[in-house]
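Each protein sequence line maps, in turn, to chains W and Y. Adding 5 to a residue's 1-based position in the first sequence gives its number in my numbering. Adding 17 to a residue's 1-based position in the second sequence gives its number in my numbering.
Since the hints were made in silico from the structure, they are not lab data. Don't take each hint at face value.
[Claimed, not checked] Derived Cβ-Cβ restraints for the label pairs, each shown as a range: (1) Y:30 - W:196: 48 to 54 Å; (2) Y:49 - W:94: 18 to 24 Å; (3) Y:29 - W:194: 18 to 24 Å; (4) Y:30 - W:216: 24 to 30 Å.
[Stated by the list, open to error] Covered stretches of chain W, as calculated for chain Y (at least 3 residues, CB under 8 Å): (5) 9-18; (6) 33-44; (7) 85-94; (8) 184-197; (9) 212-218; (10) 234-243.
Please read all numbers here as calculations on a predicted model, not as lab measurements. Built from N, CA and C at the ideal position, the CB exists for glycine as well.
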Amino acid sequence: MVNRVLAVSLLAGLLAGLIVAALQHVTTTPLILKAETYEAALRAVAPSQAAFSGEARVFGEARILLAHGTEAHGDHAEWKPQDGLQRTLFTSVVTIATAIGFAALLLAGMIAANETIDERRALIWAACGFLAFGLVPATGLAPELPGAASAALEQRQLWWIVTALVTAGGLFVFLRMETPWLRALAVLAILAPHIFGAPHPAAPESKVPAEIAAHFAALSLAIQAALWLATGFAVGRLWPWFTRRAAAQ
Amino acid sequence: MNTVTVSTQQASVSERVKAVAAALLLGSVLVYTVGFAASASVHNAAHDTRHGLAFPCH
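Please take these sequences and the hints and turn them into a complete structure.
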């Protein structure tokens, strides 16, 4: 069964990841590249702005963002993929790895819950996966383009992980348990991270035009939904096939 | 359950526990690496995917 889990995760992730990588290439990535041109343009004027307003934060942020610049390397000499084919390749590989990871998490949940794995059930679990790991965390931390203003990374990562896990657990309890007080507790648990509040910067001073950022947020959520559903579909198709094959041997 | 062959319920508990552990390990290691690892090289390689899939980035 362990072998089947690994094989189905890898294959389902590869298939779903390839599709979504192609989608990303024509949807979110062009907007990221566009946002980087704004970022680069503002970086050029940032030092004088910082000197003028006496605001070190603008300058500091610009320095941090140098790692993502298109041509300016500055004092950051870390490795990064070259723009063009190499960058596209790395993005695609990482997206496939994400899909493999989601497929494995999906299987872990379904097997732990003693669920029959077929196309319909895998798709339902995948939809819940999108809610827990995509939509609900995004209500607190909206998908961001490079250059958007944001709070400290570690705080946001922690909030994201806690929210995703609590939402996943809450959804499971709500959908599986009959006891009213348990279900009420699940709803409260799902709401709790939002009542606590996601970490946000003191002043929302994004360098990216709002129209591009809004378009990106919508696209990003759609791409995530596509990633989860394609992964769920592939898992739901491949698992019964692998099971039949193992039984036939 | 009418389709016994596609059910996970026929597997023994210990087999299921092992399968869940393997899937959980693979899934969390991969998602953590692509979405959250702090290494600069990993971050730069995963940059566009992190933004594209709304993982917290920068």
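Taking each numbered hint in turn, which are not upheld by the structure, reported in ascending numerical order? 1, 3, 4, 8, 9, 10
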